[in-house]
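Trainee: One-letter residues, chain by chain:
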Amino acid sequence: MSGETDVLDTASQWLGDGRKVALGTVIKTWGSAPRQAGSQIAVRDDGAFVGSVSGGCIEGAVIEEAIAAMADGKVRTLEFGVSDETAWSVGLACGGRVEIFVEPVH
Amino acid sequence: MKIETLKAINNARHAGRAIVRATDLATGEDVLIEPGADASPLGEAAAGAARADTSGPAAIEGRSWFLSVFNPPLELVIVGAVHIAQPLVRMAQEAGYAVRIVDPRTAFATAARFPGTDISHDYPDEALAKQPLGKRSAIVFLSHDPKIDDPGLVAALKSDCFYIGTLGSKKTQAARQARMKQEGFGEDVLARMHGPAGLDIGARSPAEIAVSILAEMTLVLRGAKVKA
Numbered sequence: 076m077s078g079e080t081d082v083l084d085t086a087s088q089w090l091g092d093g094r095k096v097a098l099g100t101v102i103k104t105w106g107s108a109p110r111q112a113g114s115q116i117a118v119r120d121d122g123a124f125v126g127s128v129s130g131g132c133i134e135g136a137v138i139e140e141a142i143a144a145m146a147d148g149k150v151r152t153l154e155f156g157v158s159d160e161t162a163w164s165v166g167l168a169c170g171g172r173v174e175i176f177v178e179p180v181h
Numbered sequence: 025m026k027i028e029t030l031k032a033i034n035n036a037r038h039a040g041r042a043i044v045r046a047t048d049l050a051t052g053e054d055v056l057i058e059p060g061a062d063a064s065p066l067g068e069a070a071a072g073a074a075r076a077d078t079s080g081p082a083a084i085e086g087r088s089w090f091l092s093v094f095n096p097p098l099e100l101v102i103v104g105a106v107h108i109a110q111p112l113v114r115m116a117q118e119a120g121y122a123v124r125i126v127d128p129r130t131a132f133a134t135a136a137r138f139p140g141t142d143i144s145h146d147y148p149d150e151a152l153a154k155q156p157l158g159k160r161s162a163i164v165f166l167s168h169d170p171k172i173d174d175p176g177l178v179a180a181l182k183s184d185c186f187y188i189g190t191l192g193s194k195k196t197q198a199a200r201q202a203r204m205k206q207e208g209f210g211e212d213v214l215a216r217m218h219g220p221a222g223l224d225i226g227a228r229s230p231a232e233i234a235v236s237i238l239a240e241m242t243l244v245l246r247g248a249k250v251k252a
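Protein sequences appear in the order of chains A and B.
Its first residue numbered 76, the first sequence is counted upward by one per residue in the numbering used here.
Its first residue numbered 25, the second sequence is counted upward by one per residue in the numbering used here.
Think of the hints as simulated: they come from the structure by calculation, not from any bench.
As the structure is a prediction and not an experimental result, all values here were calculated from the model.
Beta-carbon label-pair distances, calculated as ranges: (1) Arg94(A) with Glu150(B): 40 to 50 Å; (2) Asp84(A) with Ala198(B): 41 to 51 Å; (3) Asp212(B) with Gly93(A): 54 to 64 Å; (4) Arg129(B) with Gly91(A): 36 to 46 Å; (5) Gly122(A) with Ala63(B): 42 to 52 Å; (6) Arg216(B) with Lys149(A): 42 to 52 Å; (7) Asp77(B) with Gly106(A): 17 to 27 Å; (8) Lys149(A) with Arg129(B): 53 to 63 Å; (9) Leu214(B) with His181(A): 53 to 63 Å; (10) Glu53(B) with Gly91(A): 18 to 28 Å; (11) Thr152(A) with Glu211(B): 43 to 53 Å; (12) Glu85(B) with Gly91(A): 29 to 39 Å; (13) His181(A) with Glu211(B): 51 to 61 Å.
No farther apart than 20 Å at their CA atoms in a straight line, the calculated lysine to any residue pairs in the SDA-like style are these: (14) Lys149(A) with Ala50(B); (15) Lys149(A) with Asp54(B); (16) Lys31(B) with Trp89(A); (17) Lys31(B) with Arg94(A); (18) Lys95(A) with Ala32(B); (19) Lys159(B) with Met217(B); (20) Lys31(B) with Gly91(A); (21) Lys103(A) with Arg87(B); (22) Lys26(B) with Arg94(A); (23) Lys26(B) with Val82(A); (24) Lys31(B) with Ala42(B); (25) Lys149(A) with Thr51(B); (26) Lys26(B) with Ala143(A); (27) Lys103(A) with Ile84(B); (28) Lys26(B) with Thr152(A); (29) Lys149(A) with Asp48(B); (30) Lys95(A) with Thr29(B); (31) Lys95(A) with Val125(A); (32) Lys31(B) with Thr85(A); (33) Lys95(A) with Ile27(B); (34) Lys103(A) with Gly72(B); (35) Lys31(B) with Asp81(A); (36) Lys149(A) with Val55(B); (37) Lys26(B) with Asp84(A); (38) Lys149(A) with Lys26(B); (39) Lys95(A) with Ser127(A); (40) Lys26(B) with Asp120(A).
Think of the CB as a built atom: it goes at the ideal place given N, C-alpha and C, for glycine as much as any other residue.
Take the sequences, apply the hints, and build the full model.
Mentor: Shown next, in the form of structure tokens:
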């Protein structure tokens with residue numbers, strides 16, 4: 076594909092290399108969220124990633140959960156926002172809220 | 025997601041076929057749906073999401089789904105392999121467009137000037153007959169030469185492409201409008217031509233003009249929320 080580094084092509088390439096991979100997808104947004112629903116991130120077992128699910132505010136937390144999903148093989152839905160108790164560490168500076176679906180690829 | 029599902033999505037995307045993945049958010053279970061080929065409520069919802077080019081949630085028969093839309097890439101056809109075309113190719117590719125250049129002048133449309141870009145040396149009417157414009161296509165006319173631009177413009181005005189940009193001064197635009205009127209196009213069709221192409225941001229250099237053209241394409245595609 077042309078343009079920006081393709082998330083799903085890279086995920087496929089990593090799997091071909093014998094690595095573990097999980098995907099994060101923005102499934103819901105409220106207020107001014109930086110990335111629209113459907114935006115994706117692919118995470119490799121060593122924490123390398125392509126794509127984005129926010130303006131960089133929550134990627135760190137999503138990567139941690141993605142690595143956990145690779146380990147236990149389970150999907151999870153994460154919610155981030157200013158009202159969240161984790162707001163101080165990984166809140167969205169824009170004041171928006173997002174829900175991220177994280178799933179291992181296997 | 026299963027590896028096979030990822031492969032199937034990538035295969036569809038590389039083949040230029042639209043595909044929607046419906047994921048049950050409770051279980052991670054998923055279905056791939058070809059828009060228009062599935063008459064179930066979920067299939068209909070997927071087709072609607074693909075038409076709107078918008079991924080989003082869908083509650084169907086008590087299950088909570090997320091519909092991920094993978095539409096074929098947007099396309100930009102550039103008529104006239106002039107200097108402005110060089111930065112416009114790169115910027116449009118970065119914005120997710122599949123780009124092709126059409127210019128019968130072989131001295132302009134060279135692989136050296138446009139590395140890795142799809143180049144046609146046909147006249148635009150022939151090039152567009154071989155590979156027609158669709159709803160996800162934009163076309164810009166940069167050649168400054170009516171002999172080259174006009175046959176393509178006629179084809180573009182008959183198509184349902186989302187953006188038609190024409191470079192040139194207001195005087196050039198008026199002359200172009202008059203020629204297209206003679207071809208039999210009504211005012212409503214002629215109004216689809218954006219000329220001079222690009223938003224008025226005071227662009228001077230070829231790269232700045234490319235920014236203004238890509239900005240106008242984006243505005244037309246995504247809907248005008250700001251008043252110019």
